[in-house]
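**Student:** Okay, here's what each chain looks like letter by letter:
2 protein chains.
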Amino acid sequence: MSGQEPGSEPIIDSQPPAELAPAISLEEVGRIAERVQELIAAGNQAAAWQRLRHLHPADVGLILAGLPRTSSEALLEIMSPQTVTWMLQHMNPVEAGRLGARLSIQSLSFVLDQVNPRHAMTALQRLPLRRAQQVAEQLEQPIAESEILNQEPNTAGALMTPRLVAVNADAGLDEMRAALEALQEDRDRLTYLYVLNAEGQPEGQVSMVNLALAPAAATASAIASPLTAVVSVDTSAQECARLRRHYNLTQLPVVEDGDLVGVVLPDALLGVTVEEDTRQMQRIANVAGERADGPMALSIRTRLPWLTINLATTFLAAATIALFESTLAQLVVLAAFLPVVAGQGGIGGTQTLTLIVRAIALGELVGVRAKRLLIREATLGVIHGIWLGLLVAVIAIIWQDNYGLALVLGLAMLGNMLIAGTVGAGVPLLMRRVGIDPAVASAVVVTTFTDVFGFLLFLGIAQAAISLLI
Amino acid sequence: MSGQEPGSEPIIDSQPPAELAPAISLEEVGRIAERVQELIAAGNQAAAWQRLRHLHPADVGLILAGLPRTSSEALLEIMSPQTVTWMLQHMNPVEAGRLGARLSIQSLSFVLDQVNPRHAMTALQRLPLRRAQQVAEQLEQPIAESEILNQEPNTAGALMTPRLVAVNADAGLDEMRAALEALQEDRDRLTYLYVLNAEGQPEGQVSMVNLALAPAAATASAIASPLTAVVSVDTSAQECARLRRHYNLTQLPVVEDGDLVGVVLPDALLGVTVEEDTRQMQRIANVAGERADGPMALSIRTRLPWLTINLATTFLAAATIALFESTLAQLVVLAAFLPVVAGQGGIGGTQTLTLIVRAIALGELVGVRAKRLLIREATLGVIHGIWLGLLVAVIAIIWQDNYGLALVLGLAMLGNMLIAGTVGAGVPLLMRRVGIDPAVASAVVVTTFTDVFGFLLFLGIAQAAISLLI
Chain V
1 MSGQEPGSEP IIDSQPPAEL APAISLEEVG RIAERVQELI AAGNQAAAWQ RLRHLHPADV
61 GLILAGLPRT SSEALLEIMS PQTVTWMLQH MNPVEAGRLG ARLSIQSLSF VLDQVNPRHA
121 MTALQRLPLR RAQQVAEQLE QPIAESEILN QEPNTAGALM TPRLVAVNAD AGLDEMRAAL
181 EALQEDRDRL TYLYVLNAEG QPEGQVSMVN LALAPAAATA SAIASPLTAV VSVDTSAQEC
241 ARLRRHYNLT QLPVVEDGDL VGVVLPDALL GVTVEEDTRQ MQRIANVAGE RADGPMALSI
301 RTRLPWLTIN LATTFLAAAT IALFESTLAQ LVVLAAFLPV VAGQGGIGGT QTLTLIVRAI
361 ALGELVGVRA KRLLIREATL GVIHGIWLGL LVAVIAIIWQ DNYGLALVLG LAMLGNMLIA
421 GTVGAGVPLL MRRVGIDPAV ASAVVVTTFT DVFGFLLFLG IAQAAISLLI
Chain A
1001 MSGQEPGSEP IIDSQPPAEL APAISLEEVG RIAERVQELI AAGNQAAAWQ RLRHLHPADV
1061 GLILAGLPRT SSEALLEIMS PQTVTWMLQH MNPVEAGRLG ARLSIQSLSF VLDQVNPRHA
1121 MTALQRLPLR RAQQVAEQLE QPIAESEILN QEPNTAGALM TPRLVAVNAD AGLDEMRAAL
1181 EALQEDRDRL TYLYVLNAEG QPEGQVSMVN LALAPAAATA SAIASPLTAV VSVDTSAQEC
1241 ARLRRHYNLT QLPVVEDGDL VGVVLPDALL GVTVEEDTRQ MQRIANVAGE RADGPMALSI
1301 RTRLPWLTIN LATTFLAAAT IALFESTLAQ LVVLAAFLPV VAGQGGIGGT QTLTLIVRAI
1361 ALGELVGVRA KRLLIREATL GVIHGIWLGL LVAVIAIIWQ DNYGLALVLG LAMLGNMLIA
1421 GTVGAGVPLL MRRVGIDPAV ASAVVVTTFT DVFGFLLFLG IAQAAISLLI
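Protein chains in written order, with the numbering used here: chain V, 1 to 470; chain A, 1001 to 1470.
It is worth saying that the hints were derived from the structure and are not from the lab.
Where hints are given, some of them may not hold.
[As the list claims (entries may be wrong)] Listed next, with one range per pair, are the computed distances between beta-carbon atoms:
| hint | chain 1 | residue 1 | chain 2 | residue 2 | range |
| --- | --- | --- | --- | --- | --- |
| 1 | V | Ala182 | A | Asn1168 | 28 to 38 Å |
| 2 | V | Ala144 | A | Ser1225 | 24 to 34 Å |
| 3 | V | Leu430 | A | Leu1331 | 35 to 45 Å |
| 4 | A | Val1394 | V | Ile105 | 49 to 59 Å |
| 5 | V | Leu430 | A | Val1394 | 25 to 35 Å |
| 6 | A | Pro1162 | V | Pro22 | 15 to 25 Å |
| 7 | A | Ser1225 | V | Gln138 | 45 to 55 Å |
| 8 | A | Leu1298 | V | Ile386 | 14 to 24 Å |
| 9 | A | Gly1043 | V | Ile436 | 32 to 42 Å |
| 10 | V | Gln184 | A | Ala1297 | 52 to 62 Å |
| 11 | V | Ile105 | A | Ile1105 | 56 to 66 Å |
| 12 | A | Gln1201 | V | Glu181 | 24 to 34 Å |
All residues carry an ideal CB built from backbone N, CA and C; glycine is no exception.
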């Protein structure tokens, strides 16, 4: 709350340094974070801040985001609003989002109300959209550009910045340079300026390199190159990230009703890519949206529904076993082998699933026929099943000296690995076909299949061949 | 093999187009890929190429990478070496790597021998390092710069390009522009040029924006800003990606013995980030390094060892169950409930594991004490365990009308969810502490714990309380 309360620590710094400090290693950041935590625990906030103030703002932010909430708030109280804003501006959106979640909306709006609105807006855009909206609503002096925060979440409109350079086709070198100069420090983030046609629509781009090398008499259109991609305000963030990644682009112009209204810069897309990959990884495990050190209530809300759904599927597996109660009563040792066939199927199915989900997300399966992938994974399942089946058979003979059991186990293993491969590939491919995110619920569906079929195959074959076993 | 064989299809194009085609949607790419596949199947390679030749090279490459091997080779035969090279140059490294794996080393070296060595080198650097080395060895006219390919894999030295601009501190505007101009088309990829001190070491950078806006009398040192990060040739690719991500950098200068020898550009790092995230996701499932449509032998080599290790852990679980054979003989229905407690623990443990592994990879846990995370996950385990324990107890009463069984199940569930949370967080945190990639083997270790303890708790409590159950 930056020292507005009487009796709080004095603000030690007023202006952030003019130049950014050099990078340090993650280990070094960790060591400083520990020392800072000790100093704060000892009540010495001022000394803690002395440790931080000469670091790069991205490192200061990373350390603040990792501290317990009370410690980071204690430090914020002795940082000036300018320094807090400068720190957010220089963090990447993923880390800024984490830090933003630690700070109260009141603290953030108090800070941003006291700084240059241009800087405040850049800092706001580093935060996740909802949080930024909440902070913007609390500002006493609303920021003119903050209407961008009301764009549909997860679209180019919400990711873009309106601070771009656009000139007419006949603009000369001086005009282009003046337009770029007018952007002040925001110009440093641009790699292109845009060339508009007579209707005001973007028709080309001039790279900063071409601008630097242009002869004195050059016009914008003479040194422009064509635009590879133009997105609209409602293009999804995922599509923007795909365009950047696939076509090696550095920035994307954004149009609304044909007019150029903004530009999506790489740092905004870095956030999308990292968040998207994280969400995808977490979706396979059904923890999407959680943070390892986030609020516990969110973790419960995220995980408990999936754990409960999974409970239903384990009871489906239990019911399968119960069908064979009489067979189990005849040979109790069968129970010991229950986790073997089902467990191997679960692991095999998850291997296939993860591979396919990731390939779909990277657009690697475009034009690859689903049938080819299914046959590939089914074949792998059979090959793995033969090897694992032979292995379990040998172990069963050594351990239980029971050739019948060995045969049953081996066959069940072969069958379940085939099912694991087919289902592990089939479920995500089917989900993609019907337009559902392939990562959602896939793991639960796949392990349900491998559990149920694992028990069904093992106990079913055992029942049919019970005379060989006892 | 680009038409060197008598009787092959004639080469239709000789030079790639001067301007890149605009972006198209992934659905559109998919449709064209299907049509191309049909045309090739009908033996009409020339018509297939007509469909492709007006697309952006990144799209041509994506489609070629998705075709069956024989089809992509058929198309390659009617593309000129210039076009194949141009295509590789404009693909991102992830997709180029996929395509490169489809083409034979002979085809690639044949193609690259016939084009401008500058282009050949850029195309080579798009390929995975090993493949690029193999192709470079086969070239009849070795490329001077190709010594870069002999750098240690997965380091800045292997990722960098030597094509950079460096000037002395007192260089004037004309000198800087001339140096940039000399780079030809490679200059388009740069956002900074470097300023060297008297010893030839990099001491600052000039952005293209500053260069474009510089007054005529400016010197390099006057418009330079300090370097945030300088890496050495043996800095790891992961550290380079972290520096870029964390500090929002666009390019990294690379030094060797103090001399500036190269620059790591964003497209090279995009490859590292995507590959790194993919590998991390795949490591949790133990399929790291595979491609969904890659060679089957690689898939077997990758998965089978893990499946075999996992088999050992399922037999550990089996041995645990076998310890309680007499208890199971007294009440066979216990066997039906075996997958319930163990399965829930496995899911819960994997949820925690995934969350922690990802947070570690993103550097989110720097300065966060391991104890705090362990307590958090253990607490969540207890909360989830109480809910799930009550639920299984209720189901057991309804299904089996056995209050003793309900009690045993509920207690075992509570205990195993606590173990799942503790182990799910503890294993990756411990692995990080001892310097092992937390994703490796974590899932196998965690599910082994939850399986063995799930059976041990459930059957152990049942044995102790057997009089309540029957």
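**Student:** Does each hint fit the structure? Answer for all of them.
**Tutor:** Okay, the hints, checked on the actual structure:
Between Ala182 of chain V and Asn1168 of chain A the beta carbons are some 31 Å apart, a value that agrees with the proposed interval 28 to 38 Å. The hinted window of 24 to 34 Å between Ala144 of chain V and Ser1225 of chain A holds, with their beta carbons roughly 29 Å apart. Look at Leu430 of chain V against Leu1331 of chain A: about 40 Å separates their beta carbons, and that is inside 35 to 45 Å. Under the hint 49 to 59 Å, the C-beta atoms of Val1394 of chain A and Ile105 of chain V, about 41 Å apart, miss the expected range.
Hint check: Leu430 of chain V to Val1394 of chain A, Cβ distance near 34 Å, so the stated range 25 to 35 Å holds. At roughly 24 Å, the beta carbons of Pro1162 of chain A and Pro22 of chain V sit within the given window of 15 to 25 Å. A hinted range of 45 to 55 Å is violated for the C-beta pair Ser1225 of chain A and Gln138 of chain V, which are about 35 Å apart. Checked against the hint of 14 to 24 Å, the C-beta distance between Leu1298 of chain A and Ile386 of chain V comes to roughly 18 Å, which is consistent with it.
Hint check: Gly1043 of chain A to Ile436 of chain V, Cβ distance near 38 Å, so the stated range 32 to 42 Å holds. The hinted range of 52 to 62 Å is satisfied by Gln184 of chain V and Ala1297 of chain A, whose Cβ atoms lie roughly 58 Å apart. At roughly 59 Å, the beta carbons of Ile105 of chain V and Ile1105 of chain A sit within the given window of 56 to 66 Å. In this structure, Gln1201 of chain A and Glu181 of chain V meet the distance hint of 24 to 34 Å, their C-beta atoms being roughly 31 Å apart.
Taken one by one, the earlier hints fail for this structure at numbers 4 and 7, listed in ascending order.
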